[in-house]
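**Student:** If you want the building blocks of each chain, they are given just below.
There are 2 protein chains.
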Amino acid sequence: MYSEKINNILKKLGIEIGDKIIVEKNGKEYKGILMPRTFYNPEILVLKLENGYNIGIAWDENIKIKLVSKFEKPCKKPEEKAECKNENAISILLTGGTIASKVDYRTGGVTPIMDANELIGAIPEIKDISEIKSRVIMQVFSENMNFDCYEKMIKEIEKEIKQGCEGIIIAHGTDTMHYSSAAISFAFQNLGIPLIFVGAQRSSDRGSSDAAINLISACIFAKHSNVSGVFVCMHESISDYTCAIHLGTRVRKLHTSRRDAFKTVNAKPVARVFWREKKIEWIEKDCVKEKNKERELKIYPKFERKVALIKIHPGFNPELIEFLLEKGYKGIVLEGTGLGHAPDYTFDAIKQACEQAIVCMTSQCIFGRINMKVYSTGRDLLKFGVIPCEMLPEVAFIKLSWALGNFTEQEAKEIMQKNIAGEIVERIL
Amino acid sequence: MYSEKINNILKKLGIEIGDKIIVEKNGKEYKGILMPRTFYNPEILVLKLENGYNIGIAWDENIKIKLVSKFEKPCKKPEEKAECKNENAISILLTGGTIASKVDYRTGGVTPIMDANELIGAIPEIKDISEIKSRVIMQVFSENMNFDCYEKMIKEIEKEIKQGCEGIIIAHGTDTMHYSSAAISFAFQNLGIPLIFVGAQRSSDRGSSDAAINLISACIFAKHSNVSGVFVCMHESISDYTCAIHLGTRVRKLHTSRRDAFKTVNAKPVARVFWREKKIEWIEKDCVKEKNKERELKIYPKFERKVALIKIHPGFNPELIEFLLEKGYKGIVLEGTGLGHAPDYTFDAIKQACEQAIVCMTSQCIFGRINMKVYSTGRDLLKFGVIPCEMLPEVAFIKLSWALGNFTEQEAKEIMQKNIAGEIVERIL
Chain H
1 MYSEKINNIL KKLGIEIGDK IIVEKNGKEY KGILMPRTFY NPEILVLKLE NGYNIGIAWD
61 ENIKIKLVSK FEKPCKKPEE KAECKNENAI SILLTGGTIA SKVDYRTGGV TPIMDANELI
121 GAIPEIKDIS EIKSRVIMQV FSENMNFDCY EKMIKEIEKE IKQGCEGIII AHGTDTMHYS
181 SAAISFAFQN LGIPLIFVGA QRSSDRGSSD AAINLISACI FAKHSNVSGV FVCMHESISD
241 YTCAIHLGTR VRKLHTSRRD AFKTVNAKPV ARVFWREKKI EWIEKDCVKE KNKERELKIY
301 PKFERKVALI KIHPGFNPEL IEFLLEKGYK GIVLEGTGLG HAPDYTFDAI KQACEQAIVC
361 MTSQCIFGRI NMKVYSTGRD LLKFGVIPCE MLPEVAFIKL SWALGNFTEQ EAKEIMQKNI
421 AGEIVERIL
Chain S
1 MYSEKINNIL KKLGIEIGDK IIVEKNGKEY KGILMPRTFY NPEILVLKLE NGYNIGIAWD
61 ENIKIKLVSK FEKPCKKPEE KAECKNENAI SILLTGGTIA SKVDYRTGGV TPIMDANELI
121 GAIPEIKDIS EIKSRVIMQV FSENMNFDCY EKMIKEIEKE IKQGCEGIII AHGTDTMHYS
181 SAAISFAFQN LGIPLIFVGA QRSSDRGSSD AAINLISACI FAKHSNVSGV FVCMHESISD
241 YTCAIHLGTR VRKLHTSRRD AFKTVNAKPV ARVFWREKKI EWIEKDCVKE KNKERELKIY
301 PKFERKVALI KIHPGFNPEL IEFLLEKGYK GIVLEGTGLG HAPDYTFDAI KQACEQAIVC
361 MTSQCIFGRI NMKVYSTGRD LLKFGVIPCE MLPEVAFIKL SWALGNFTEQ EAKEIMQKNI
421 AGEIVERIL
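Residue numbers (my numbering), protein chains in the order written: chain H, 1 to 429; chain S, 1 to 429.
Keep in mind that the hints were calculated from the coordinates and are not lab data. Using N, Cα and C, we set each Cβ at its ideal position, and we do this for glycine too. There is no bait here: all hints are sound.
Partner residues aside, some chain H positions facing chain S, computed with beta carbon under 10 Å:
1. M145
2. N146
3. C149
4. S257
5. R305
6. F316
7. A342
8. C365
9. Y375
10. P393
Below are the DSS-like pairs computed for lysine-lysine, each with C-alpha atoms no more than 27 Å apart in a straight line:
11. K327/S to K351/H
12. K418/H to K383/H
13. K263/S to K373/H
14. K351/S to K306/H
15. K263/H to K373/S
16. K306/S to K327/H
17. K306/H to K306/S
18. K418/S to K268/S
19. K263/S to K268/H
20. K327/H to K413/H
21. K327/H to K327/S
22. K327/H to K351/S
23. K330/S to K327/H
24. K127/S to K293/S
25. K373/H to K48/S
26. K268/S to K268/H
27. K268/S to K263/H
28. K268/H to K279/H
29. K306/H to K327/S
30. K351/S to K413/S
31. K263/S to K263/H
32. K327/S to K330/H
33. K418/H to K285/H
34. K330/H to K383/H
35. K11/S to K70/S
36. K351/H to K306/S
37. K373/S to K48/H
38. K383/H to K413/H
All chains should be modelled from the sequences, with the hints used to inform the complete structure.
**Tutor:** Next comes the structure, spelled out in structure tokens:
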């Protein structure tokens, strides 16, 4: 909170946090919403300007403050219930994370959005794109997402598809959104509509929040793309002009904080959305199918829990692999070095692992093809039965868990080498 | 080998693999070195043209072949021994990997380079840059590099520095070159000369080999940069014009096969080398010290083996952490999600780990800052004593092993939060 002196002045003027005010200092006027104190110094007023950015104004005795309008609760209850049954609606499922939260300007606190009315209240532009239905299916920080969550998500998405809708948007925390998008990509085969994951890197109490633009872009893509498949929709660059649509099995969070943190790896994104113009520009359409609500959906909803993702490094202890085998692990994805390598002293453990489980090789380089035939050590690993996986380590991990969850071990081995959901890029960039 | 028919024709003409020949077909002449067969079809001649590229010429009855000159052993023994003691020489230490190998055009096999004469024979251009001394200090594929190798490498580099030289080039396999460059960066404090790691993504039997250009560029930088420090020199882009000089603690292999696989993360490279023009262009010079052979070197040569690098993922099993603690591990670097997170159900194991060992947090996003203060879950981890590490996961892992190898546990904790060798980027890109 601000200093006692400032609080008293505000009180006298009848101004509270969240009210629209004008601050006059040194002959300049600043109009905006009074925000809770964010600076260490309690004598710096924080104002959210109309362009969305926050500014700090250091207090001095000559500052003049005027009330423009009192705070209005942004989420007015509309007449009809937003929870419609309309087949032409877009369904937004909220799972938690920054994207599924709103700011209370009274308290400055971030609280979860609980239903479609609140969501439309927070981002009213989506109403102009399509009818919207929305509900909270879980409230999970994305670092806590796990296979239980994926299985629940699959059930809720299935319900939604059966009820009928134009497309489904899954609002998700960004930390592990690419693991989830891969899980859903494999689970829903022969999909007829688009399922779009959308997150936010900056929460909506920040001027630089990407929440609204990402969600608006996802709605435009869901409504107008006329394709089916699983996608991720996030800022394409650090500017606000476009969002990129990534295929759900080719994407990775590659920055901790930037709004364009998600990148398609080894290929181009599927499309970009100019959200202001409501326009979709296709970049790589080969990897997507047309929309067809009549297509007969096949769902493979299970995940094997005894699967691990292990990073190889100098001095890596092969006892970790032996430990997983003792614990009954059925699948191990190695994040090898270079083209798909591991140190020679780990070979005994890897050979043993291949006899008891499925062992897959990916690369910690992230970009580029796996090729275990170039060096003799790679060829040795192939002989043991290690399966080279031409996909992101995270995607290989989710795929192996899914393959072992729904199919026999032999089938799973074959599936790991087949392109199931666009995860294997044919022509690498 | 080629088909019997072609072999017989070549034999009659006195032509062997490695000879320079002219092939005439459809009125066009191709001049180059006859290479061993590489195509599946035994009737396609392979010629290495003078520009370095290989072409395949399908056999037909009208082809004419002429011998230009017989194969000459490329490594003639020079009059004086290249193993000079000259203080102005550049010392090239060979550790193994693609860069430290040569092609025998007689057999088509790749064999390791054994001494300075062979090296100069393979890449004679380096002789024009500086006097060269060179020796093999180990022959290790880089996926097999480990802490023993680092300690040996340190001893050999120390010997070389004491003997006196302008700079040291360490030829190294690319898989784990960035782990090694980090190890050497931490081990040699107060360095007076440049130590430059150099590798090759494509072996020298391929027209697209980057071995020669990378080594030539490293020699130019060693001789003319007038700076000290530990660097990595590799192709800057897929073209041959320039090589990038990366700081040894800010670089990562980010592609399995491209020649520009190594990238500086979160900052710009230090410099680029125009090898044809023998010119160095500085990009980010703030992070390097001037060369000064009189500077008093400090060496911290040890590495703690009981350190692990663990990747966090959905469904991660915290028993892996408990297993490491049982095995007496003293350091664990976590490759967390997003800004530095781990699932809540792992907190007990992480808390316990903080009591028995040093636990550091990095991000699997690779790019961007760690910030564990944004969300309450990150703040919990900080409370347990997890140390946020503003550096690449691979660098944090090597640094923790080094810090625990040479200092007390308390000192190591402090060191992990200090910038020791440029690994913490102040102004992130």
